[in-house]
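Participant: Listed below are the residues making up each chain.
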Amino acid sequence: MSTMTMGGALNAGLRAALTADPKVVLMGEDIGRLGGVYRITDGLQREFGPRRVMDTPLAESGILGTAVGLAYRGYRPVCEIQFDGFVYPAFDQIVSQVARMRARTNGAVSLPITIRIPVGGGIGSAEHHSDSPEAYFAHTPGLRVVSVADPQDAYDLLQDAIACDDPVLFFEPKRRYHLKGEVDTGRSRPAALGTARVLRQGTDATVVTFGGLVQVALAAADAAADEGVSLEVIDLRSLSPIDWVTVAASVRRTGRVVVTHEAPESVGLGAELAAGITERCFSYLEHAPVRVTGFDIPYPPSKLEKHHLPDLDRLLDGVDAALGRPSSFEDES
Amino acid sequence: MSTMTMGGALNAGLRAALTADPKVVLMGEDIGRLGGVYRITDGLQREFGPRRVMDTPLAESGILGTAVGLAYRGYRPVCEIQFDGFVYPAFDQIVSQVARMRARTNGAVSLPITIRIPVGGGIGSAEHHSDSPEAYFAHTPGLRVVSVADPQDAYDLLQDAIACDDPVLFFEPKRRYHLKGEVDTGRSRPAALGTARVLRQGTDATVVTFGGLVQVALAAADAAADEGVSLEVIDLRSLSPIDWVTVAASVRRTGRVVVTHEAPESVGLGAELAAGITERCFSYLEHAPVRVTGFDIPYPPSKLEKHHLPDLDRLLDGVDAALGRPSSFEDES
Amino acid sequence: MSHTVAAPRAAGTPDPDPALRGAVRILTPDGERRDDAEYGGQVADVDDEALLALYDDMVVVRRIDTEATNLQRQGELALWPPLLGQEAAQIGSARALRTDDFAFTSYRENGVAYCRGVTPAELVPVWRGVTASGWDPYRVGMATPQVIIAAQTLHATGYALGLQHDGSDAVAIAYFGDGATSEGDASEALVFAATYTAPVVFFCQNNHWAISEPVSLQSGSSLAGRAAGFGVPSVTVDGNDVLAVLAVTRAALARARAGGGPSFIEAVTYRMGPHTTADDPTRYRDPAELEAWRRLDPIDRVAAHLTARGVLTDERRAAVTAHADEVAHAMRAACTALPDPDPMSLFEHVYATAHPELDRQKARYARYLDSFEDAR
Amino acid sequence: MSHTVAAPRAAGTPDPDPALRGAVRILTPDGERRDDAEYGGQVADVDDEALLALYDDMVVVRRIDTEATNLQRQGELALWPPLLGQEAAQIGSARALRTDDFAFTSYRENGVAYCRGVTPAELVPVWRGVTASGWDPYRVGMATPQVIIAAQTLHATGYALGLQHDGSDAVAIAYFGDGATSEGDASEALVFAATYTAPVVFFCQNNHWAISEPVSLQSGSSLAGRAAGFGVPSVTVDGNDVLAVLAVTRAALARARAGGGPSFIEAVTYRMGPHTTADDPTRYRDPAELEAWRRLDPIDRVAAHLTARGVLTDERRAAVTAHADEVAHAMRAACTALPDPDPMSLFEHVYATAHPELDRQKARYARYLDSFEDAR
Ligand SMILES: Cc1ncc(C[n+]2csc(CCOP(=O)(O)OP(=O)(O)O)c2C)c(N)n1
Ligand SMILES: Cc1ncc(C[n+]2csc(CCOP(=O)(O)OP(=O)(O)O)c2C)c(N)n1
Ligand SMILES: [Mg+2]
Ligand SMILES: [Mg+2]
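Protein chains in written order, with my numbering: chain G, 1 to 333; chain X, 1 to 333; chain R, 1 to 376; chain F, 1 to 376.
Extracted from the complex, chain G is given alone in its bound form:
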């Protein structure tokens, strides 16, 4: 048990995976000597050599396409995409190749590829450095999508993702890379992949979120408690598949739910959550599921991001809506 940042835990997780399985190889831009722009692969090339920790040419489709070939040959590539906004050149290889190869070969070929992506905003960065592309991948059959929120989960879920025979999109909320926590790297535990977790129990409403907004939701729950409102907070962790058992059980108890994410609202993950919750909990719902999300706009200049990103106040505004109290959510149609 030791204190680590989330970035440190990911580094430790990659080291553990490289050590445990000689088939694990890391690929990406600037991940070698530099250790990645976020230093997540710091020291790993020195330790495991340039064959296992490969700096690649500057071409994302090339990274994923060669990862497909490596996986075809029995390797377990862990690809780093430098920033969320740079995954799109690899989109074709991901949706048409990575996601479909198992089905295309009737199960003969597994592509156990992990695609690590620092995602999301809140760090005052330039264009294309703050996207939340999870909906694109959660809509794509054949992929699993994971989003981590703290050091222990980052360590554990990274192990699970790399060990999984399915391809996994692994989202790391970059604004939490410095978040500290206790990490037990030795514990034996059931695989967490595919499961959500209830981080805080409550009775008045459920807040469902993931990644960078988990801390925001917890803070909102604290603030709400001060006002006598008891919020349950769920960290989804797995965005595809969604752990409906955990989510539905909570909403059936509370009868009210707010889902929140950074990505634009329309056809976002919040739409699936709202739809799926309504399907499963219709007769328990006191109010329609409320979505508190980024707007339907390209990610704005950094001085405006605080307005675009759901924060504590906007989340509580959504909670007010779910509770039927006055809020900015009026009857709109």
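The set of hints was computed from the structure by calculation and includes no laboratory data. Treat the hints loosely; a few may be bogus.
The list that follows gives simulated cross-link-like pairs (lysine-lysine, DSS-like), each with its CA atoms no further than 27 Å apart [stated by the list, open to error]: (1) R:362 <-> X:303; (2) G:306 <-> G:180; (3) F:362 <-> G:306; (4) X:306 <-> X:180; (5) X:306 <-> R:362; (6) G:303 <-> F:362.
Interface residues of chain G toward chain X, partial, derived using beta-carbon atoms under 10 Å [as the list claims (entries may be wrong)]: (7) 85; (8) 138; (9) 177; (10) 190; (11) 241.
Even glycine gets a Cβ: it sits at the ideal position worked out from N, Cα and C.
We have chain G already, so just place chains X, R and F with the ligands on it with the hints.
Facilitator: Showing chains X, R and F with the ligands alone in chain G's frame:
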């Protein structure tokens, strides 16, 4: 007024646009001499020359990227992507460039690009020839997404799309290319872009759909009528933005809704419809919105597609669910 | 310094097609076998009997192709992409491979598949639409056909990196068309292969057409020259000359096995049929072009050569035809006997590990299908 | 035929860096001006005064760069991508352009922007995060910076097609780095440009690094040679020689204007600073390499030349410095005076035409912000 197939109406629409505006240029693979694999551009290169109807090299990112440059220079490119499954190599240019250029330049640069894509299944085709990628684009701010269902609408909406200063994804359900109908190419009419239409009025439940499934929904409404169930059928036409006024008004009247599309269910357009309808009509709903969609699988081999695609019977099963009757939709969680 | 593409080396035979000028050629269209200073040694061991075997291969795959085209016309297949005219390019290259080499191809390489050990019965199910995959890639050392143009060039490169990491001297080979060279993936594959000195052979069949688009639309200069610009040694070969193709592929494989890295082969050939059975080439190409290429037919020249040498007797010719017929009939029988797939197989092989959401959809669909059973 | 990349032309000066061997060079690192048989004529008109103007440009943009870097260190900018060391490549090429030419660049081309008429005050707002765009592209003939590596190479090609359709003799120019050449888009741009004979110049600043990756990771051979393989004529130039860069760019523009189609220029230069202010190059590069390049400083050699000729007197040097300071101070003042943007501007410029869904979100957010006003 003359009888045309949908393919013929699109051809007429392109000819009209090329005639009306010298800035309109067509780009794509095999659209020249061949007239496109579906012959939608048949005869147009002969008529307007190879500068205005350009066969391009076999590279979708190249098509969209050069279209961006042409639009930057004041042109109105109409790009044909040969099949749905081939749009992904252009994904980066579409989501990071086409969709964002106006915002990136504070409105100085318009990219009035129309991206025509034959989409969807039902034609017994090979892998990558039957995708329904609308959710990816409807989730992307800065784009408009249109899906047409019959000859007149195909003609009209294509004019609107090309005339629109925003980029438009224009989905053509390929299994309806041969659908015939009366087309008035001369009428003056209000722009239809952005609006849904109620194709059939009903009282018991609303069916919301678009593209290739519109005919299926109309047939289902006929079949339901025989059993005494009155279905309202809405053709969405605009998938982004959604015409919530029309949709919500209908669902408030019927209290029950089934949304149906070919794409996989999770985080599909149906999720947005279900979520948005619940938000707008919660107190009117007698049952949770029901989704009848393709499964969360890569598009299957063609002999299986009839099982994957929603058809009349599956749609009626969904209607049964919405009406609270016995159906394959049980209480699942 | 100024760069220009190196001029093609002096032509050996006058040839109507500029793309062939200076290409490696060992067997002329008239069936004359010549030496090639650089590559001749690679096929010195190919005697008459060996050449006859290559002839047999080519005849068989053409027969398979014809049969499958007929099956499509008769409604037994949904689609078929003919290789007519490209037999030498496919057989010559694929017969250069070792069992432990691995091929990543597009949809048109049924001749390659045949050489890899894919049975004719395995070739058709995908085009009949009854399954996603006709064979197990690992059994034959060949991936299932790739439909996304050029995507497989990167897969081959990655597989080659895996071979390199493993310390194997096996080689990956990517097959793709002239049109495919325009896709970004094809260029990125050259970059990755050059950077890592990957043991991969890029085998481009320049069949002059990408559906209706002539190769001139994809490139203003030679495709082989393009690879050279990436630092990948390249060669242009007469793709209708099975011996020359065998020779240059062997040379490329040998370089890769020895650690010399990637190579690029442009096999200049011609798609004599339609793009697929859904295509109508009369809409876009000059029949005279087809006629000119007919004179370069890849099978005829081997037949001429072996006949002149007295090897291909009427008897042996009949035996080859019989073999081809037998293969074709077996394929037809297997094809028409294929049952429709089980609806519930829809949900198989999407994920390796349990997926509750898909399980739910599967259970619901099972209930749905049952409701029809019940209704009976 | 076998293809290999053409050997670099015989070197004029012995040079420690192989990439520079055989590159076009007119002004030596010691400040000696020589003729170049092929390109010298392009800059015959550039006399001492004209060279002094180029010197002034380079000093000013270096000063802008230093000031902006300081602004970032002081928290006034969120990020800055320095061009230190690349002044000659940017000024030499951009000063070759006509007003009606159009430049599509990456994030690092602040020197190009300066030449196009972007004011220093317009350079910083984007990096301060207060706006999406610092200038109107149509006013200056230059697109706003592109962050997605290589995407702009296609935009330039498409714009060039537009110029061609219009019958204009203006030219589009794409600026990008050595790393960018690996992206599929860069290769597709070469394909499209070659196929359509588009009037576009591909200007690659090979500054030896893509963040921490040396150029050797992107290519086993010369970048200029790669373009040649696509049928795009290319040239390697000493990117730290403002005269040579001006000369080869003028030649490329002239070819394009005359209907000769695309060209590719590899300007061999060096990124003397970090990738951006967020980067720490000591983690990955040898300080000796930087030292070696310091001796090839693009400004020093012009200064040496003009000083030796008695043109760059102390007085004129002081005037240039004063000009640079003035520009820098104006930029600083403009930067620190920039107000934070209005929150409701979030919803602007996403669509050209009415969008009810976004309007709904906007109205809701306005109500939300109002609720805080009300609470006060
Ligand atoms: C990414 C992508 N774009 C477009 C297509 C449609 N398409 C199928 S085959 C083909 C032409 C391919 O030409 P070439 O690479 O020369 O191979 P050939 O068919 O001649 O063997 C095209 C455009 C596709 N399959 N994939
Ligand atoms: C598609 C994409 N992938 C990755 C990045 C991250 N990135 C930003 S700059 C850079 C290096 C670019 O190197 P080069 O093209 O040589 O230009 P330079 O920075 O040297 O001017 C990288 C990898 C990006 N911006 N876009
Ligand atoms: Mg071809
Ligand atoms: Mg660089």
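Participant: Now, for every hint given, state plainly whether the structure supports it.
Facilitator: Results for each hint:
1. For the hint linking residue 362 of chain R to residue 303 of chain X, the alpha-carbon distance of about 18 Å falls within 27 Å, and the restraint holds.
2. Note on residue 306 of chain G and residue 180 of chain G: the hinted pairing holds, with a Cα-Cα distance of about 23 Å set against a maximum of 27 Å.
3. At roughly 15 Å between alpha-carbon atoms, residue 362 of chain F and residue 306 of chain G fall within 27 Å of each other, so this suggested pair holds.
4. A distance of roughly 23 Å separates the Cα atoms of residue 306 of chain X and residue 180 of chain X; the hinted pair therefore holds under the 27 Å criterion.
5. A distance of roughly 15 Å separates the Cα atoms of residue 306 of chain X and residue 362 of chain R; the hinted pair therefore holds under the 27 Å criterion.
6. Note on residue 303 of chain G and residue 362 of chain F: the hinted pairing holds, with a Cα-Cα distance of about 18 Å set against a maximum of 27 Å.
7. Because the closest C-beta pair between residue 85 of chain G and chain X is about 7 Å apart, less than 10 Å, the hint holds.
8. The beta carbon of residue 138 of chain G is positioned within 10 Å of a beta carbon in chain X (closest approach about 5 Å), and the interface hint is therefore held.
9. At its closest, the beta carbon of residue 177 of chain G sits 24 Å from a beta carbon of chain X; the interface hint therefore is violated under the 10 Å criterion.
10. Using the Cβ-Cβ criterion of 10 Å, the hint placing residue 190 of chain G at the interface with chain X is not satisfied: the shortest such distance is roughly 21 Å.
11. Of the supplied interface hints, the one on residue 241 of chain G holds, with its beta-carbon coming within about 8 Å of a beta-carbon of chain X, less than 10 Å.
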